[in-house]
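Undergrad: Single-letter residue listing:
Number of protein chains: 2
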Amino acid sequence: MIEVPEEGKYVVLLSGGLDSTTLLYYLRSLNYRVHALIVSYGQMHFKETLIASLLCKNLNQPYTLLRVSGLKTWTKVVEGEYTPENTKAMTVPFRNSIFLLHAANLAVSLGWRHVAYAAHKGDAPYPDCTAEYVYAMKTLLELAHHEPITLEAPFLGATKGEIVQLGAKLGVPLERTWSCYKGGDKHCGKCPTCLERKKAFEEAGIDDLTEYEHV
Amino acid sequence: MIEVPEEGKYVVLLSGGLDSTTLLYYLRSLNYRVHALIVSYGQMHFKETLIASLLCKNLNQPYTLLRVSGLKTWTKVVEGEYTPENTKAMTVPFRNSIFLLHAANLAVSLGWRHVAYAAHKGDAPYPDCTAEYVYAMKTLLELAHHEPITLEAPFLGATKGEIVQLGAKLGVPLERTWSCYKGGDKHCGKCPTCLERKKAFEEAGIDDLTEYEHV
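Chains as they are written, first to last, in the working numbering: chain U, 1 to 215; chain D, 1 to 215.
Identical chains blur together in the list; that is why a pair holds if it fits in one copy or across any two.
Lysine-lysine pairs mimicking DSS-like chemistry, simulated, CA-CA at most 30 Å apart:
#1 9 x 76
#2 72 x 138
#3 72 x 190
#4 88 x 9
#5 121 x 9
#6 72 x 47
#7 72 x 9
#8 182 x 88
#9 182 x 57
#10 138 x 9
#11 186 x 121
Don't read these hints as lab results, they were simulated from the structure.
Use the sequences and the hints to build the structure in full.
TA: Structure below.
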């Protein structure tokens, strides 16, 4: 189930993937003011930052491209479905937490007080995408500055399929979003996030126009 | 009151000031393995990062110097005691939270699971130095990765005077630590953190050998 986030001006973490791009469109469709935060952190698939920037440019959407140093990221992409081992191999420890805090910092410098995060039900193998985690981060963002910052994660109770349905309804150019960890010319079609992407379209009953290396 | 942190290998946030330098010495005196994290974030008093690095070099203390981008910091230093207004003017929103999460990331890449933070009782005008905040950050660090990271803040119930007393006992070169926000040749002696530094030595009953521009 997709929630309606409280009214506000939002900094939204934008990776350029299905979920965060749909979140951006969703907030805009509610007529909330939005600023996107795109992060380059040495990821193998840095292509996602270019895709995210282009998505913003096409929308006339203000965004900030931030460079985060010091995070050791994976250098080899595993293939196959998410398993506990695959998830661990693809984890950059505390990455999303650092990004959310930068989003909160950016919100304060804009004079805003809302941050949006596209974590969803199917992300839950990642410890920083669970309801428990979001609750802990909400608490932190309420306490850590002189004024509280509100974190909203409206997709937390939704499946990726529901997000694809919402995206299709809102006119998100879903095929132009980027998921693949390999960051090649086309989506590889084999890595855990490509497999999740395919399943989401299937679940949504919506044609997947993504070009895959391996269908 | 100063607490004894649980045994472990610690990444400690080191600013080069009285508190974090004493914390570094304290953990070393307990024979805990330590790695220092020093952060350059565009601060006016970037001199503190040089002081912190030198302190480590003199101790043969392994450390990492991290560059954090994207934080807008103050460009003018207020003078006088900490007031709510002075504290706000000297706050970089979510700075310490971002640094603590980088410390946790570094701990994971070292195969460690402890982070130490030198927040103390007198820091409490800063919202990210309160017991409530530390508790929220502890919770987050326990949840946000596949393995929990433990945050220890052994000075949280101590005054800055008690920290100076501990530092003196442990042989910390207190006069070589750096507090001043202005980052000039000498400590200015007028900014809020210089005033706190002076008071701490007085409270501790220990000679303050710091060179001040204005005594």
